[in-house]
Amino acid sequence: MELPAQTFRVTRADLIRYAGASGDFNPIHWSDRVATKVGLPGVIAHGMFTMALVGRAVTEWAGSPDAVVEYGVRFTRPVVVPDDDQGAEIEVTARVREVTEDGLTRLEVTATCLGEKVLSQARATIRTAP
Amino acid sequence: MSLDPSFVGRTYPPTAPYQVGREKIREFASAIGATDPAHHDPAAAQALGHPDVVAPPTFPVIVTMAASRQIIEDPALGVDYSRLVHGDQRFAYTRPVFAGDELVCTNTIEDVSTRGGHGFLTTRTDVSTVGGEPVVAVWARYVIRGEA
Numbered sequence: 001m002e003l004p005a006q007t008f009r010v011t012r013a014d015l016i017r018y019a020g021a022s023g024d025f026n027p028i029h030w031s032d033r034v035a036t037k038v039g040l041p042g043v044i045a046h047g048m049f050t051m052a053l054v055g056r057a058v059t060e061w062a063g064s065p066d067a068v069v070e071y072g073v074r075f076t077r078p079v080v081v082p083d084d085d086q087g088a089e090i091e092v093t094a095r096v097r098e099v100t101e102d103g104l105t106r107l108e109v110t111a112t113c114l115g116e117k118v119l120s121q122a123r124a125t126i127r128t129a130p
Numbered sequence: 131m132s133l134d135p136s137f138v139g140r141t142y143p144p145t146a147p148y149q150v151g152r153e154k155i156r157e158f159a160s161a162i163g164a165t166d167p168a169h170h171d172p173a174a175a176q177a178l179g180h181p182d183v184v185a186p187p188t189f190p191v192i193v194t195m196a197a198s199r200q201i202i203e204d205p206a207l208g209v210d211y212s213r214l215v216h217g218d219q220r221f222a223y224t225r226p227v228f229a230g231d232e233l234v235c236t237n238t239i240e241d242v243s244t245r246g247g248h249g250f251l252t253t254r255t256d257v258s259t260v261g262g263e264p265v266v267a268v269w270a271r272y273v274i275r276g277e278a
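From first to last, the protein sequence lines stand for chains Y and X.
Numbering-wise (our numbering), the first sequence opens with residue 1 and increments by one.
Numbering-wise (our numbering), the second sequence opens with residue 131 and increments by one.
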């Protein structure tokens, strides 16, 4: 079963806000100068910010903010965030892999940006709504 | 980047307690656009049976990323931070994090290896309350890129 797709727009302002809230001030997430110096195409989103947005999609599908039992991802490709008003768009979809007898639902999640997967092995286990 | 495999299994002393503030949860939830009232309003969280506002699922990384500096900055292990790339991240929750929690992290090195000139480091952080109640186990896998 496929779950309804959700999209998240990420701008430079969002990265600054996430840096402050999370305490991750690595300059590759706010300085083009530093990002290009280390070989990136430009400023990229924090992997953990992408993971947080996908986590929002998961809790949305679960229907409850406290339903996530397990959640893991592999960061495969950076989300490049241009310095404009549009920023980048991340599309998140998921498929139900399994519903267990003890009330857990296992999801296989896909997150893409510009048609390319930015995460792999993205899996979440949620408590199935009663 | 060659890392010493004898570090596998090493556990570090528990970190100083991190006090989870209600405003920090609200700030983090706002930064990721999580608008569910249970992240912001104690009454909404209490209606779900929780003592105070509920942290979003990736919130514990604030605590564990700071705690993992114990490993990443361990001079004996010798990780070159400028070559460090975050590869994987995983959380297994016993329960969500709530405002008012005082959390302690215990770091363990689960895996150290070198392949194709790159170093790989897997850490496990057991997050529990100061009272010893387990809250969440957090794994991170890092790649330490080799010199080209």
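It is worth saying that the hints were derived from the structure and are not from the lab.
A virtual CB, placed ideally from N, CA and C, is assigned to each residue, including glycine.
There could be a bad hint or two in this list.
[Stated by the list, open to error] Cβ-to-Cβ under 10 Å is the rule here; a few derived chain Y residues that face chain X:
#1 Ala-5
#2 Ser-22
#3 Trp-30
#4 Ser-31
#5 Ala-52
#6 Leu-53
#7 Arg-56
#8 Glu-60
#9 Tyr-71
#10 Gly-72
#11 Arg-74
#12 Phe-75
#13 Val-80
#14 Asp-84
#15 Val-96
Do the hints match the structure? See the list:
1. Ala-5: The hint is violated - Y:Ala-5 has no Cβ within 10 Å of chain X, the shortest such distance being about 16 Å.
2. Ser-22: Where the cut-off is 10 Å and the nearest Cβ of chain X is about 6 Å from Y:Ser-22, the hint holds.
3. Trp-30: violated, 14 Å
4. Ser-31: violated, 15 Å
5. Ala-52: holds, 4 Å
6. Leu-53: This interface hint holds because 6 Å falls under the 10 Å limit.
7. Arg-56: Holds, about 5 Å.
8. Glu-60: Check passed: Cβ of Y:Glu-60 comes within 9 Å of chain X, closer than 10 Å.
9. Tyr-71: Interface hint status for Y:Tyr-71: holds (5 Å vs cutoff 10 Å).
10. Gly-72: Y:Gly-72 check passes; min Cβ-Cβ to chain X is 3 Å, inside 10 Å.
11. Arg-74: Holds: closest Cβ of chain X sits about 5 Å from Y:Arg-74, inside 10 Å.
12. Phe-75: Constraint on Y:Phe-75 satisfied, holds at 6 Å.
13. Val-80: violated, 16 Å
14. Asp-84: violated, 19 Å
15. Val-96: violated, 18 Å
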